[in-house]
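As they're listed, the protein sequences go chains A and B.
Under the numbering used here, the residue at position 792 of the first sequence is numbered 792, and the numbers go up by one with no gaps.
Under the numbering used here, the residue at position 173 of the second sequence is numbered 173, and the numbers go up by one with no gaps.
Calculated directly from the structure, the hints in this document are not laboratory data.
Think of the CB as a built atom: it goes at the ideal place given N, C-alpha and C, for glycine as much as any other residue.
Among the hints, erroneous ones may be present.
Simulated restraints on C-beta separations [stated by the list, open to error]:
1) A:A90 to B:P115: 32 to 38 Å
2) B:G126 to A:T558: 34 to 40 Å
3) A:A90 to B:E42: 36 to 42 Å
4) A:A678 to B:G126: 28 to 34 Å
5) A:P625 to B:D158: 36 to 42 Å
6) A:L100 to B:G126: 34 to 40 Å
7) B:N86 to A:G207: 49 to 55 Å
8) A:G226 to B:G126: 58 to 64 Å
9) A:G165 to B:N86: 42 to 48 Å
10) B:D140 to A:A90: 38 to 44 Å
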Amino acid sequence: MRCAAAALLLTTATAATAQYPLTAAIEVRTGPHHPAITCLAQDEHGFIWTGSDRGLHRTDGEMAETILRTEGDAVLALHHAYGAAWAALASGVLVRCDALGCDTVLADTLLRTAQVRALVVGAQGTIWLGTYGQGVWRVEPGAGPVVLTGGADGHVNGLAMLPQGRVVAATDQGLVVYEGDRAVMALGENEGAPDNLVLSVTVDEQGRVWAGTDQRGVFCWQPGGGAPMRMHPAWDAGAVLHLAVERDLVWAGTRERGVVVLDTTLTGMGLLNAAQVRHTAVRDMIMGSDGRPWWCDGTATLRHADPDVLVVPGHEDLDLRQVSALCTDERQQLWLATPQGVFRYPPTFFRKEDAFRRMLQVPTHTPVTALAADARGTVWVATFGNGVHAVEADGRSVHYGTANGLCNENVLAVRVAGDHVWCATLDGLCTYEQQTRRWRAVPVPGPGFVYDVLPLDDGRVIAATDGNGLLVVHPDGTVAPVDSLGPRTFYTLLRTQDGDVWAAGPGTGLCHLRPDGVDCTGQERTPFNDGAVVAIAEEQGRVLVFGSTGTVAHDPATRQWTDLTNTLQLHGMQASLNAVAKLPDGTIWIGCDRGLLRLRPSATRYRATVRAVITGLAIGGRPVPVAGGFTTTHDRSDLTVRFSAPHYNAPDEVRFAYQLMGHDAAPLITRDREVNYAGLPPGRYTFQVHALTGDGTVPPPDGAAMFTLEVGAPWWERPGGIVLMALLVVTVVAVVVRVRERRLRQRERLEQEKVRFQLEALRSQVDPHFLFNSFNTLTALIETAPDRAVEHVDRLSTFFRSILQVRDKDLIPLREELELLDGYFALEQARFGDVIALNVHVPPTALDRGIVPLTLQMLVENALKHNAVSAHTPLVVHIHVEGEELVVSNTRAPRMGPPRSTAFGLDSIRRRYAALDPRPVQVVQDDGAFTVRIPLIMQQWP
Amino acid sequence: MWLFILLPWLFTGPLLEQDEPARPLYRVVRSSVTFTSTAPLETITATNRAANGLLDLNERTFALRVPIVDFHGFNAPLQREHFNENYMAGRIWPNAQFKGRIIEAADLTGPGTYPVRAKGMLTIHGVERERIIPCRLVVDAGGIRVTTTMDVALADHDIRIPRVVEQKIASVVQVDVDLLFEPQAMTR
Numbered sequence: 001m002r003c004a005a006a007a008l009l010l011t012t013a014t015a016a017t018a019q020y021p022l023t024a025a026i027e028v029r030t031g032p033h034h035p036a037i038t039c040l041a042q043d044e045h046g047f048i049w050t051g052s053d054r055g056l057h058r059t060d061g062e063m064a065e066t067i068l069r070t071e072g073d074a075v076l077a078l079h080h081a082y083g084a085a086w087a088a089l090a091s092g093v094l095v096r097c098d099a100l101g102c103d104t105v106l107a108d109t110l111l112r113t114a115q116v117r118a119l120v121v122g123a124q125g126t127i128w129l130g131t132y133g134q135g136v137w138r139v140e141p142g143a144g145p146v147v148l149t150g151g152a153d154g155h156v157n158g159l160a161m162l163p164q165g166r167v168v169a170a171t172d173q174g175l176v177v178y179e180g181d182r183a184v185m186a187l188g189e190n191e192g193a194p195d196n197l198v199l200s201v202t203v204d205e206q207g208r209v210w211a212g213t214d215q216r217g218v219f220c221w222q223p224g225g226g227a228p229m230r231m232h233p234a235w236d237a238g239a240v241l242h243l244a245v246e247r248d249l250v251w252a253g254t255r256e257r258g259v260v261v262l263d264t265t266l267t268g269m270g271l272l273n274a275a276q277v278r279h280t281a282v283r284d285m286i287m288g289s290d291g292r293p294w295w296c297d298g299t300a301t302l303r304h305a306d307p308d309v310l311v312v313p314g315h316e317d318l319d320l321r322q323v324s325a326l327c328t329d330e331r332q333q334l335w336l337a338t339p340q341g342v343f344r345y346p347p348t349f350f351r352k353e354d355a356f357r358r359m360l361q362v363p364t365h366t367p368v369t370a371l372a373a374d375a376r377g378t379v380w381v382a383t384f385g386n387g388v389h390a391v392e393a394d395g396r397s398v399h400y401g402t403a404n405g406l407c408n409e410n411v412l413a414v415r416v417a418g419d420h421v422w423c424a425t426l427d428g429l430c431t432y433e434q435q436t437r438r439w440r441a442v443p444v445p446g447p448g449f450v451y452d453v454l455p456l457d458d459g460r461v462i463a464a465t466d467g468n469g470l471l472v473v474h475p476d477g478t479v480a481p482v483d484s485l486g487p488r489t490f491y492t493l494l495r496t497q498d499g500d501v502w503a504a505g506p507g508t509g510l511c512h513l514r515p516d517g518v519d520c521t522g523q524e525r526t527p528f529n530d531g532a533v534v535a536i537a538e539e540q541g542r543v544l545v546f547g548s549t550g551t552v553a554h555d556p557a558t559r560q561w562t563d564l565t566n567t568l569q570l571h572g573m574q575a576s577l578n579a580v581a582k583l584p585d586g587t588i589w590i591g592c593d594r595g596l597l598r599l600r601p602s603a604t605r606y607r608a609t610v611r612a613v614i615t616g617l618a619i620g621g622r623p624v625p626v627a628g629g630f631t632t633t634h635d636r637s638d639l640t641v642r643f644s645a646p647h648y649n650a651p652d653e654v655r656f657a658y659q660l661m662g663h664d665a666a667p668l669i670t671r672d673r674e675v676n677y678a679g680l681p682p683g684r685y686t687f688q689v690h691a692l693t694g695d696g697t698v699p700p701p702d703g704a705a706m707f708t709l710e711v712g713a714p715w716w717e718r719p720g721g722i723v724l725m726a727l728l729v730v731t732v733v734a735v736v737v738r739v740r741e742r743r744l745r746q747r748e749r750l751e752q753e754k755v756r757f758q759l760e761a762l763r764s765q766v767d768p769h770f771l772f773n774s775f776n777t778l779t780a781l782i783e784t785a786p787d788r789a790v791e792h793v794d795r796l797s798t799f800f801r802s803i804l805q806v807r808d809k810d811l812i813p814l815r816e817e818l819e820l821l822d823g824y825f826a827l828e829q830a831r832f833g834d835v836i837a838l839n840v841h842v843p844p845t846a847l848d849r850g851i852v853p854l855t856l857q858m859l860v861e862n863a864l865k866h867n868a869v870s871a872h873t874p875l876v877v878h879i880h881v882e883g884e885e886l887v888v889s890n891t892r893a894p895r896m897g898p899p900r901s902t903a904f905g906l907d908s909i910r911r912r913y914a915a916l917d918p919r920p921v922q923v924v925q926d927d928g929a930f931t932v933r934i935p936l937i938m939q940q941w942p
Numbered sequence: 001m002w003l004f005i006l007l008p009w010l011f012t013g014p015l016l017e018q019d020e021p022a023r024p025l026y027r028v029v030r031s032s033v034t035f036t037s038t039a040p041l042e043t044i045t046a047t048n049r050a051a052n053g054l055l056d057l058n059e060r061t062f063a064l065r066v067p068i069v070d071f072h073g074f075n076a077p078l079q080r081e082h083f084n085e086n087y088m089a090g091r092i093w094p095n096a097q098f099k100g101r102i103i104e105a106a107d108l109t110g111p112g113t114y115p116v117r118a119k120g121m122l123t124i125h126g127v128e129r130e131r132i133i134p135c136r137l138v139v140d141a142g143g144i145r146v147t148t149t150m151d152v153a154l155a156d157h158d159i160r161i162p163r164v165v166e167q168k169i170a171s172v173v174q175v176d177v178d179l180l181f182e183p184q185a186m187t188r
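Based on the sequences and whatever the hints tell you, model everything.
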């Protein structure tokens with residue numbers, strides 16, 4: 001049942017021709033298809049949900065997405081409540097959907113055969129279904145359906161929620177109210193309903209039930225509160241299939257005439273242009289959260305209307321397209337003047353039973369130019385050509401003309417301030433003091449045409465003249481120009497709620513009167529650049545200006561102009577001077593050539609309320625429900641955000657300013673509705689998005705949608721991980737240091753050994769005995785054989801030089817060691833003669849093997865040292881190779897007495913070999929021989 | 001779709017309930033269903049006399065079936081062929097149907113003239129639309145005569161008219177219905 005939401009393109013079209021109320025249309029497209037939309041709902045963010053033959057879609061005005069794809073399983077009824085959309089499908093399945101997808105609430109075979117016409121959802125998820133033929137069903141969450149008993153014949157056309165958990169059903173036999181499991185109240189023709197066949201029902205904010213009938217229009221009923229009230233007895237728009245009510249407006253979706261709007265304060269009814277609405281029935285209608293009704297007609301097009309703009313072209317026999325003057329009095333009654341006379345309407349405007357009209361005896365050829373009411377209820381009627389009429393509250397009227405002291409009978413404007421009535425005439429200003437009942441003329445310079453007059457609270461009076469700019473009349477009677485800007489023409493003067501005074505005129509723009517002068521703006525823009533303009537103060541200090549070429553609004557606070565020509569579709573409207581009035585609730589009435597235009601204060605007119613909504617989130621590629629804060633891990637830190645801003649006046653103008661604080665340095669402005677961040681580094685982020693419209697450079701301060709995201713650091717970057725890492729590093733370093741230290745110590749010992757060995761060798765070579773013996777030998781030779789003495793000295797020096805050459809080396813070839821040994825042995829032989837002998841049997845292949853230098857010399861020296869050498873016991877040293885070992889052996893004839901050596905030599909040889917080769921130096925000693933086996937080391941010589 | 005459930009039930013009802021008093025079940029014996037299309041360039045009229053239907057006065061329900069191919073009249077044979085084959089797709093949807101109930105609670109058994117509203121599903125060209133049709137019922141000894149006039153918008157029933165003949169066929173046609181119901185003969 002869940003299905004991936006697919007973003008689809010949606011096109012927007014605005015109404016082609018001006019009509020009132022204003023309608024606009026948006027089209028929901030699902031790819032190449034045009035869904036036949038038959039159900040509507042609106043969620044809390046303002047999104048419009050639509051149910052069609054293809055499924056469930058959601059739109060923000062610009063884009064549509066499919067929430068549920070049903071393909072042929074039509075959505076019969078749809079309701080949005082408590083954060084979810086609830087839909088009944090033709091296959092008998094009830095689903096509950098949110099932005100992430102749908103869950104089945106109930107799948108009932110009985111529901112497939114019952115024709116579901118309506119669905120409403122109450123608190124705790126209770127669903128009421130209205131079926132055609134099987135009455136009202138109630139479905140509690142997790143339970144089967146219960147068919148409610150009683151009431152009519154079970155043919156339900158519509159349902160609506162009443163307060164206190166009650167439900168009202170529109171049936172073929174009238175209205176039925178259900179409470180609990182049964183019907184508690186019924187309203188049919190017998191109980192006073194105008195028509196038994198009730199096709200639609202809705203409940204307004206006050207709990208009143210509005211019902212649409214087949215033949216007799218709309219009626220209103222307060223359950224338990226008496227007889228129903230029929231709204232428009234002369235209803236001629238046929239069956240009312242759907243209803244939507246907000247404030248005073250009742251919108252009726254009919255079968256043959258599209259949507260008809262009824263203003264319950266007016267007896268007339270507005271009608272949407274029949275050409276605009278297809279000749280098919282309205283299939284569903286809802287009241288939007290902003291008071292804007294939405295409806296569909298079984299096509300892909302949704303329509304909505306502006307409830308705040310209404311034009312009343314006429315009332316009964318009164319043609320309201322010719323209203324020339326308007327005013328309101330102390331009792332909020334609206335006075336209006338047409339060529340047919342001057343009429344007064346009570347606050348419940350146009351309600352027929354309250355209507356009151358009075359026609360003054362004013363010649364028809366003298367148009368009424370202005371109306372003004374004073375505090376006593378007297379209304380002053382200014383005419384062009386017939387002076388001024390004062391209509392007292394009791395109905396009597398008094399006429400003032402030049403005979404009474406009025407300066408000119410062509411009066412263009414009249415205003416009342418306290419006891420004074422001020423008239424702007426073609427011949428200057430005139431003022432009437434009610435206490436003295438006297439007129440007084442205030443002459444103005446130039447031709448004397450004065451279009452408007454505005455008395456101020458401080459006693460001064462401002463006059464708008466033709467060609468002489470603005471004049472100020474001081475309380476002492478002196479007249480002075482307000483500014484020195486030269487000849488200009490002003491038509492209208494107005495004062496805002498804050499007391500600011502504004503003047504408007506063709507070519508002069510909108511001028512703000514300050515104590516120090518006049519500040520004009522907008523001279524070059526429409527509608528000031530062409531023809532007459534009418535201005536009125538709107539809410540929040542804004543000034544609305546109407547002209548035949550357009551309508552604009554000026555906001556003094558921001559000094560910005562808003563062009564409302566398209567919004568209000570008032571192209572070419574001809575508004576009458578002085579035919580504007582405002583009621584305390586902010587409603588503005590304007591008399592124009594299309595009728596009486598009513599503008600209610602509208603939040604959407606200035607597009608100030610476009611709010612961004614985050615509609616979808618995916619973290620690490622997985623969709624998550626939208627919430628305020630998230631945490632994720634470093635390996636799932638891809639972020640996708642979808643956002644939107646429901647805005648139906650001009651959806652294509654919406655832009656977004658988004659920023660991921662902690663990642664983006666500044667907000668980015670885009671028209672896209674989706675943003676992706678891949679592989680966010682660990683940290684804390686806040687995403688926020690604003691919606692902008694128009695030139696929208698300043699995001700609204702509170703309109704942001706936001707959430708926070710915390711991407712967790714990987715374990716090795718967290719505090720515990722860091723400690724662990726540090727420990728690991730310390731351990732590794734310690735081990736490395738230890739190993740290195742051990743190796744160094746070993747090398748140091750080797751080095752030491754070598755030094756000691758060398759020292760020993762050197763010392764042994766320079767052994768005093770050795771030298772002493774050598775010198776003795778030399779002495780003997782010098783005497784006996786001088787030539788051999790020379791030879792001996794040569795040998796001696798060669799031997800010592802050789803020692804010096806090899807002592808620093810770790811290894812030397814066996815060949816060199818043998819040569820060295822020969823030199824040594826020759827020296828010793830010179831002393832001992834033939835009682836010592838050296839037998840060397842080394843194959844040539846072994847000559848290149850390595851040996852620790854002076855090893856053989858030391859062994860031979862040891863042999864000479866430890867053995868008694870004589871002719872009886874000659875010492876023979878054998879050196880030969882066995883395998884990879886050099887075997888040094890000598891005959892043994894131990895010397896008597898203590899040895900002269902420190903026994904260091906053999907140990908030294910062992911230690912040095914231990915450092916160089918794993919094979920040990922073996923020493924074998926028996927009675928006949930002393931044998932040392934020395935490993936031969938494979939070595940490449942440089 | 002549940003017309004097929006309803007119709008057999010209406011037919012077989014009397015057979016199953018033989019012992020009870022005869023139900024006031026009426027069947028169409030004479031019918032005239034005429035449609036009129038008034039367009040700027042042409043007015044087309046055709047009449048169907050082959051409509052079949054049942055009316056149950058107890059249940060206040062009815063079902064009516066009009067075979068598309070049995071419309072006669074038109075301004076040319078080719079026009080009739082286009083009507084059957086192209087616009088109405090008579091091979092796919094051979095019948096127009098209207099089934100539903102009478103809203104008014106008035107007792108219709110006695111002789112007299114009763115203005116009533118028939119509310120039900122109108123199926124033309126395979127597209128169902130709920131309609132409420134005001135009718136005039138004249139009850140006398142011979143039977144019940146029902147007359148009414150209704151508008152049918154082609155767009156409502158997804159009947160597409162080529163642009164070429166837009167000026168010759170109205171987008172909303174008027175349908176005049178005149179039916180005579182007589183009590184159904186009891187069959188054993």
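- Message: Name the hints, by number, that the structure is in violation of.
- Response: 2, 4, 8 and 9
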